[in-house]
Amino acid sequence: MVSSTETVAVPGALKIVTDATCTFCGCVCDDIDLTVQDNHITEAKRACVLGKAWFLSHSIEDRPSCLIDGKPATLEAGYDRAAQILTNGKYPIVYGLSDSPCEAQRVAVSIVDWINGTIDTTTSVCHGPSGMAFQGVGEVTCSLGEVANRGDLIIFWGSNPAESHPRHFTRYSLMPKGMFLPNGRKDRTCVLIDVRKTKSAKAADQFIQIKPRADFEALWALRALAKGVELDPEAVLRDTGVELSVWQGLMDKMKAAKFGVIFFGMGLTMTRGKHANTEALLALTRDLNAFTRFAAKANRGHGNVSGADNVVSWRTGYPFGVNHSRGYPRFNPGEYTTSDTLANGEADSAMTIACDPMANFSQPAREHLAKIPFIALDAKETPTTRAAAVAFTVATYGINTGGTVYRMDDVPIPLRPAFDSPHPSDFEVLTQIEKRVKLIKGITS
Amino acid sequence: MNSGMASGPTLRYDLVTDFRIRYRMSNYRMAETFILIPGRTSDQGCGISEGKFLEKYQREINTLMVAVGDMSRLGLADGDFVRLTSEEGQSVEVAVSTAKKDELPNGMLFIAYGDISSRLMGGDTHGSGMPTSKGMDVQLEVVSQG
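Protein sequence lines, in the order shown, are assigned to chains A and B.
Take the first sequence: its position 394, counting from 1, is numbered 394 in this note's numbering, and each next residue is one higher.
Take the second sequence: its position 139, counting from 1, is numbered 584 in this note's numbering, and each next residue is one higher.
Keep in mind the hints are simulated off the structure, nothing from the lab.
Worth double-checking, as some hints may not be accurate.
To be verified - No farther apart than 30 Å at their CA atoms in a straight line, the calculated lysine-lysine pairs in the BS3-like style are these:
#1 A:K45 with A:K15
#2 B:K545 with A:K227
#3 A:K15 with B:K546
#4 B:K546 with A:K380
#5 A:K45 with B:K546
#6 A:K202 with A:K253
#7 B:K501 with A:K441
#8 A:K380 with A:K45
#9 B:K546 with B:K501
#10 A:K90 with A:K71
#11 A:K258 with B:K545
#12 B:K545 with A:K211
#13 A:K186 with B:K545
#14 A:K45 with B:K501
#15 A:K71 with B:K546
#16 A:K199 with B:K501
#17 B:K497 with A:K371
#18 A:K177 with A:K90
#19 A:K45 with A:K211
#20 B:K546 with A:K199
#21 A:K71 with A:K441
#22 A:K435 with A:K90
#23 A:K253 with B:K497
#24 A:K380 with B:K501
#25 B:K545 with A:K15
#26 A:K197 with B:K545
#27 A:K186 with B:K546
#28 A:K371 with B:K546
#29 A:K202 with B:K545
These numbers were taken from a predicted model, which means no experiment stands behind them.
One chain only, chain A, in its complex shape (with noise of 0.2 Å):
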């Protein structure tokens, strides 16, 4: 958490803003100090690659604050055109939000509201699964500065840190020292499970590598072996690729830990299983704390992404995948989320924040989402900016705008802008939005 905060101008146009928050992955580290100069941020202390070039590579962009059609247009008439599009589709989806702060989200999940649509986040392409799986199993948890204090055990699952988030160990999990662990790392051990022996594996202390979508059937050989279950050593290296005797090894460092963690990522939930291989790294967990403590955390990828799940949570009672076709929340993983009412030919009109699913969707889903009017919000342009009816260049929240995200533990974290920027916030044109659906449907309150 923060510590202090100052804004500090110096002469010559420069600024330092300290202890500023990096949004770009879930790690959300809130320690970064910019220097910033003539709108631009020249220099991001304590930030991670992936933070440097997020900090760095958003200035103000030099195209029009809106497009109709891939012409520039007045905000008014881009308000106007995208709750018209909105409140004429009969199956109207609103997608993303992970990289918007939670007061923006608020405003998308009432829109959704007023127009009887379909609210979905990137959570459901990325741990969707997992949220399903909490759900089925719940979730033994803890905050990274648990992680920090107390985790002398750290696994990591279908996760590539070193890549994806590579504050990570030095930050959270491997190399702090913390309150129970004076030396650091020198008082952990650190186990990475993948199919692929990625950047991560020099961090740690023992590399499992196990057969490609075998994961399933590795984490229940880890929960027979903490049930004491006799497993016959052939089948458990032919349907894990890993010899029993590393499983048990890695069962008994688990039952020794004094506070184990699983940090679990989208090798479990991309991969064939899915929910089901994540309910079985959640039962493990619950499992191991009929022995020692024990913990598992999803490693969440964009920056407010935990607050999407949160705020769609809070106003619907469910994570990602809500319908109010009917006026009230309905779930459905599967029907309602936006791979399938893209690619199952369903939606008729869309609203993308901060996301690109022309780009990241399966054909069938962005084939469909080319043939509907759609409004987009981005910071940058993408493939999915170039393709809307709607096209609003967003201020860059973090940089240009406050407000709170969560960082991937749930904890809330507030935003300190670095310098303004003449596009217009998500907030402010989701408010905008709101205010004219509300007019076309006559609601006054």
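Given chain A's structure and the hints, the job is docking chain B onto it.
Structure of chain B alone, referenced to chain A:
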């Protein structure tokens, strides 16, 4: 005229044609099944911020990493092109590059998340909202070699 017999082109053994077919077959490699793992890389992550239309990002998401042993067995060199076809029939052509020595086992491919990896996903999410995006079976065919 109808004698009740099927009519059609006259079949005649042609030595030259036969040789050509046999020559082509000797050079033809059947498509092989590989397991594709798309994932995050540092350059792909930086490229998102720096600009998705810039060369750095485009190069990263359009390069397929192939295990050292598979590169050698297939006679591939960095920059050669292969065609990948997913179980759903989506097909892409992509340049290959040799993976670091022990990063990938033979039979496994890696590519940074992006347009190519997404095109290979199917539309079906199996009731989860998530198309299978890692550990996908793909058919690999060599398209062009330097």
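Holds or violated: A:K45 to B:K501, with C-alpha atoms at most 30 Å apart: Given pair A:K45, B:K501 holds - Cα atoms ~23 Å apart, limit 30 Å.
Distance restraint between B:K545 and A:K15, which requires alpha-carbon spacing of 30 Å or less: 43 Å, violated
Restraint check for A:K380 with A:K45, where alpha carbons must lie at most 30 Å apart: 23 Å, holds
Given hint B:K545 paired with A:K197 - CA-CA distance at most 30 Å: Given pair A:K197, B:K545 holds - Cα atoms ~10 Å apart, limit 30 Å.
Holds or violated: A:K90 to A:K71, with C-alpha atoms at most 30 Å apart: 27 Å, holds
Holds or violated: A:K186 to B:K546, with C-alpha atoms at most 30 Å apart: 29 Å, holds
Restraint status (C-alpha distance of B:K545 to A:K227 at most 30 Å): 39 Å, violated
Satisfaction of hint between A:K90 and A:K435, Cα-Cα up to 30 Å: 20 Å, holds
Agreement of A:K202 and A:K253 with the hint, judged by alpha carbon distance not exceeding 30 Å: Status holds; Cα separation ~19 Å.
Pair hint A:K371 and B:K546, alpha-carbon separation not exceeding 30 Å: 45 Å, violated
30 Å Cα cutoff - pair A:K177, A:K90: 56 Å, violated
Distance restraint between B:K545 and A:K211, which requires alpha-carbon spacing of 30 Å or less: Distance ~19 Å between B:K545 and A:K211 Cα, so the pair holds.
Against the hints set out earlier in the document, violations occur for numbers 2, 3, 4, 5, 7, 11, 15, 18, 19, 23, 25, 28.
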